[in-house]
Each structure stands twice: as structure tokens, then as C-alpha cells.
Amino acid sequence: MPAEMDTSEDFLPRLDLDMSFDILMTLGDPCDLARASCVSRGWHEFVISNGLSKQLCLKMFPQLYGVDRVTESCSFKSDGETGSSNTKEWDILEREHRVYGFLSHCARSIVDRECISDAISASSTDNFPEEGINNTLEIRDRVGRIASYWSSKGQKNPAVPETLIYKLVGDLSVITEIDIQPFKAFFQRGSPIYSAKSVRFRMGYSKASLDLDSVDQSCHISPNDKFVWTYTSPEFPMAQENCLQKFKLPKPVLCIGGFLLVELLGRMQRQEMDGLFYIWLCLSCSSFRATFNTYIWR
1352 MPAEMDTSED FLPRLDLDMS FDILMTLGDP CDLARASCVS RGWHEFVISN
1402 GLSKQLCLKM FPQLYGVDRV TESCSFKSDG ETGSSNTKEW DILEREHRVY
1452 GFLSHCARSI VDRECISDAI SASSTDNFPE EGINNTLEIR DRVGRIASYW
1502 SSKGQKNPAV PETLIYKLVG DLSVITEIDI QPFKAFFQRG SPIYSAKSVR
1552 FRMGYSKASL DLDSVDQSCH ISPNDKFVWT YTSPEFPMAQ ENCLQKFKLP
1602 KPVLCIGGFL LVELLGRMQR QEMDGLFYIW LCLSCSSFRA TFNTYIWR
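For the sequence shown, the residue numbers in the numbering used here are 1352 to 1649.
Be a bit skeptical, because a hint or two may be false.
To be verified - Derived DSS-like pairs: lysine-lysine, alpha-carbon spacing no greater than 25 Å straight-line:
hint: 1; residue 1: Lys1518; residue 2: Lys1439
hint: 2; residue 1: Lys1504; residue 2: Lys1439
hint: 3; residue 1: Lys1597; residue 2: Lys1518
To be verified - Derived CB-CB ranges, DEER-like:
hint: 4; residue 1: Ser1569; residue 2: Gly1402; range: 29 to 35 Å
hint: 5; residue 1: Ser1400; residue 2: Thr1377; range: 49 to 55 Å
hint: 6; residue 1: Leu1368; residue 2: Ala1559; range: 51 to 57 Å
hint: 7; residue 1: Ala1590; residue 2: Ala1559; range: 36 to 42 Å
Simulated from the structure, these hints should not be mistaken for lab results. In this text, a Cβ means the ideal position worked out from N, Cα and C, and glycines have one as well.
Using the sequences and the accompanying hints, generate a full structural model.
In C-alpha cells, the structure reads:
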């Protein structure tokens, strides 16, 4: 090493903007990016001014491309504070750095757990409320001596789909997998299992404010009229088995708005009594890494 080289010199200013950006964007872990921003004042300003935390978060969660801006529920500064345009712009960049960095970090660090809070609506129910969608939140397929399951109405055509709508525990959640258990009708001859042929999932938000306490589960809520679905999963085959079937998403998905749509595609089992095809489920649940109520996304 030449004697005249100062080993403590910051090399970042010696590189052009694009090269510096490309180098730091190779840091796929949000913790590494946070550490890089602490190397020096220059590195800190570079990370914030170029929105690297936001860019990393967008790579992880493409659903965020539809977000116009972010605000903090306990913001350090309000948008209406006086100051120069440069100061306001820097405040916005700092806020985005905190919010997107927090989201990226939490999405990778929090342990998976159950995240469905409410059952909203089923496209059909055979006998309400005895066979209603609320039964899919019960972890047991029997409560006492009474079977606990949701049943669709019967159909002559096995291709007729069904949908179930759920509310997640937070308006902003990172979903990793969704689990479903078809119901085994132990009280019918042969104990048939009323599974779907396949399943697909959508996530999104309601078009208007939805009062969960006033929702009438006996009435079907149209998933396309009332909701905007920002993510659609691949179609997963479902086994005709009475076990908890885990459908792991190709990558963690950020659900903005807190609503989950379960699309049950095709019917496997005909009921002997009436010759119609049904879908019966005794459990629906989902796993997530984090929910975020600290920040409001607009």
C-alpha cells in the first residue's frame, strides 16, 4: 500500500453516483444497510438522500409501488411545519428512511404466528349459522359433541367456486403461508372429505370503511365490488385429506389493508343424500411475520 494513501479516507465520494448506489443496493439485508448508514455522516446522507431503504423494501414487497406516501402515527415533525423547501424535502426522506427500514427489518426478524382476526363473509352457506364461516376459526372440528365446520351450498356442477373473506389482525401484515383443513364428515356413511380441488389467495383492502361489527354473515359480500386485491397467489392443488394443509407463498407478501380472500376452486366430493357437490372446511388460518400499526400508509 503506498505510504501516502490515507487508510481512514472515505472512498464513497470517489465513486460516481450510480456505482455507489449499485454497491450499496447489493446489501440485501436491511440490517446491513442500517449499519452502512452509520459508517459516516456522508454514508448516512447518501443512504437517505437516495432512498436506499425504500428501494430495498420495494424489492422485497412490490405491493408498495402503489403507495404514494407514508406518515408516522407519532411523527417527529408534521407536514405543516414551517421551513425551507429543502428542509421539508429532507424531513420526508428521513421519514421514509425510518419507515421503510423499520418495515424491512421487522418483516425478516419477527417469528411467524396466526394472524386472522375475523371471518367476514362466505359466498354461500348451506345452513346458517350452524355451518357458518365463523366455524373455520375454531381450532377443533368438534365443540363438545357438535361438529364445527363451514359448508357451502350444494352444486350440480363441481366446477362452481366458493370464496371466503377474512380480516387480518393488522392493516399492514407480512403473510408467509395460509393453512386450510378440509372437513371429514364423520357422521355420514364412509366419512367423506369435502375438499376443494385447488385454492388461490388474494390480499388487499376495502374500497370503503367496513364496520366489522355490523357485517351480516348471512349475506354474501361481493369480493370484487367491495375490495381491491393487490396480490394474487398461484393456484395450489388441495389434497382430499382431513389434515391441516400448508400453502406456503412463493415469497413473503405485504398485505396492505388487512383483508384476505380464499378462493376455493372446484369440488371433489358429491353428497350421497342429494347428489350435489359441496366444500366443507373446519379450519382456515394464516401465518405472518409482522403486523404494523405504528405507521399509516396512504
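* What are the numbers of the hints that this structure violates, sorted from low to high? -> Hint check: 1, 2, 4, 5, 6 fail, others pass.
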